[in-house]
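Number of protein chains: 2
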Amino acid sequence: MCQLLGMNCNNPTDILFSFQGFCARGGKTDCHQDGWGIAFFEGAGCRVFMDHNPSISSPVAELVRNFPIHSTHVIAHIRKASVGGISIENSHPFTRQLWNRYWVFAHNGDVPGVELEKDSFFKPVGQTDSETAFCAILEALRRKFPIKRPSNQQLYGAVQEITRTIAARGAFNYLLSDGEAFFAHCSTNLFYLVRQAPFAAAHLVDEDISVDFKEITSPSDRVALIATVPLTDNEPWTQMKAGELLLFQDGMPVTMPAREAV
Amino acid sequence: MCQLLGMNCNNPTDILFSFQGFCARGGKTDCHQDGWGIAFFEGAGCRVFMDHNPSISSPVAELVRNFPIHSTHVIAHIRKASVGGISIENSHPFTRQLWNRYWVFAHNGDVPGVELEKDSFFKPVGQTDSETAFCAILEALRRKFPIKRPSNQQLYGAVQEITRTIAARGAFNYLLSDGEAFFAHCSTNLFYLVRQAPFAAAHLVDEDISVDFKEITSPSDRVALIATVPLTDNEPWTQMKAGELLLFQDGMPVTMPAREAV
Numbered sequence: 001m002c003q004l005l006g007m008n009c010n011n012p013t014d015i016l017f018s019f020q021g022f023c024a025r026g027g028k029t030d031c032h033q034d035g036w037g038i039a040f041f042e043g044a045g046c047r048v049f050m051d052h053n054p055s056i057s058s059p060v061a062e063l064v065r066n067f068p069i070h071s072t073h074v075i076a077h078i079r080k081a082s083v084g085g086i087s088i089e090n091s092h093p094f095t096r097q098l099w100n101r102y103w104v105f106a107h108n109g110d111v112p113g114v115e116l117e118k119d120s121f122f123k124p125v126g127q128t129d130s131e132t133a134f135c136a137i138l139e140a141l142r143r144k145f146p147i148k149r150p151s152n153q154q155l156y157g158a159v160q161e162i163t164r165t166i167a168a169r170g171a172f173n174y175l176l177s178d179g180e181a182f183f184a185h186c187s188t189n190l191f192y193l194v195r196q197a198p199f200a201a202a203h204l205v206d207e208d209i210s211v212d213f214k215e216i217t218s219p220s221d222r223v224a225l226i227a228t229v230p231l232t233d234n235e236p237w238t239q240m241k242a243g244e245l246l247l248f249q250d251g252m253p254v255t256m257p258a259r260e261a262v
Numbered sequence: 001m002c003q004l005l006g007m008n009c010n011n012p013t014d015i016l017f018s019f020q021g022f023c024a025r026g027g028k029t030d031c032h033q034d035g036w037g038i039a040f041f042e043g044a045g046c047r048v049f050m051d052h053n054p055s056i057s058s059p060v061a062e063l064v065r066n067f068p069i070h071s072t073h074v075i076a077h078i079r080k081a082s083v084g085g086i087s088i089e090n091s092h093p094f095t096r097q098l099w100n101r102y103w104v105f106a107h108n109g110d111v112p113g114v115e116l117e118k119d120s121f122f123k124p125v126g127q128t129d130s131e132t133a134f135c136a137i138l139e140a141l142r143r144k145f146p147i148k149r150p151s152n153q154q155l156y157g158a159v160q161e162i163t164r165t166i167a168a169r170g171a172f173n174y175l176l177s178d179g180e181a182f183f184a185h186c187s188t189n190l191f192y193l194v195r196q197a198p199f200a201a202a203h204l205v206d207e208d209i210s211v212d213f214k215e216i217t218s219p220s221d222r223v224a225l226i227a228t229v230p231l232t233d234n235e236p237w238t239q240m241k242a243g244e245l246l247l248f249q250d251g252m253p254v255t256m257p258a259r260e261a262v
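Sequence order for the protein chains is P and H. Mapping of the first sequence onto my numbering: position 252 corresponds to residue 252, and the numbering continues sequentially without gaps. Mapping of the second sequence onto my numbering: position 140 corresponds to residue 140, and the numbering continues sequentially without gaps.
Be aware that a few hints might be false.
Which copy is meant is left open, so a pair is good if it fits within one copy or across any two.
List time: in silico SDA-like cross-link candidates among lysine to any residue, alpha-carbon distance up to 20 angstroms [as the list claims (entries may be wrong)]: (1) Lys123 - Pro146; (2) Lys148 - Gly243; (3) Lys28 - Val83; (4) Lys28 - Leu16; (5) Lys144 - Phe199; (6) Lys214 - Glu139; (7) Lys118 - Pro150; (8) Lys148 - His70; (9) Lys214 - Val159; (10) Lys123 - Gly84; (11) Lys80 - Ser57; (12) Lys118 - Arg101; (13) Lys214 - His203; (14) Lys118 - Thr165; (15) Lys123 - Gly43.
Just so you know, the hints here were simulated from the structure itself, not pulled from any lab data.
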């Protein structure tokens, strides 16, 4: 299995503190040693750093731990391989282009047996069930909205529909974003936290490191963190429900209307 | 304008020596300061490092200069912005998925006015003419071969056809690869070099650094380098002709039959 880390903010923020704790799980405090990756949206652009070395000893992870990239949408993943060898092509997050956006996806769990149509435009490059599931989501979106990106509300309904089909096959905890929408789906394990004013000190679970966010934030900042297992031990993380799909915007989950035909 | 650097080898090779000279052109020996990027194919997987900071001072470039990634297909680019702002979404190389492969593209020149059909699957995320041209190439390939990747020979014919159409609009020097085929097209400026046994010392143009390849190669190694301007001053670089499209494999250009309908 793997672990996920996501961040969605109203103002571009660096993820150095959270990534430091998350990285420790890739070989130090936990056993997710089979590669890692992190995607940062910067405007419409997207940068992915990844390595098949454990995050705790990867030179690329060291760069990311020390190089503050400010982003509003971040998706990270550390891998413990189940399906597919240890390689770059099997490392999350995966990236594709749909409409005029890049889409990024990372998955925790197993969803065996997802099949794509022969003429599916999106196809996996590697061997993981995760990448195939990502392709199935995007192909469903593309078929429903072939020309251009729909509204977030329409997107939510369509993502929920295809997610339910795939989630019937196993554990489908995932993070999905195009730099505008930020989806988090929970099958078994996913927590989130909204960090906002009044800010306080936070202490990592995996390293004895604290940061006092009062000192480095402005009152209007708001940051949502989403993780397989809470990253800090003194903040009020909320466990998502099985089958719950949240859409985050500007650092908090937004309530979407009941699913309807789109 | 921009500069291109490509590498195609028969055995996975690091590009540290060439990248060091190339990087110097991003702010030290030349003025290509508006971002840079490099893509490494590793198996079917692909890793891209990029930054909108000049390559000479970018922390990400420093990582790439010091972290040997072994690859058979590498495409790098340093940018001097003409069309599109300085941002990640406008930084080359660009990446897309087509069939079950990632495709990577970097361009030097200007090809204004390329238009995509409204229902083109491939769409640009940023504002450059380069990314639009890349989308036009992939869309032409997808329409001709909708289900699966054709042979390199068929691919060559189709790439040549769409390239001629686009190149009629301006300077279209580019590198394009899916980690299997490696295309280089010259409109105005592109040189290549095949480095093979008997190996000798090479000296960079942009830095006073030499490497004796006799000491770090095996006799069967063969490496093709492709660059806008030769990187070394004591090796026999070949200037490509205007309108020439080369397909490199295993570290050398292969002769393709005359263009035919595919």
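Hint by hint, which ones does this structure get wrong, listed from lowest number up?
Result: hints 2, 3, 5, 6, 8 and 9 break, sorted rising.
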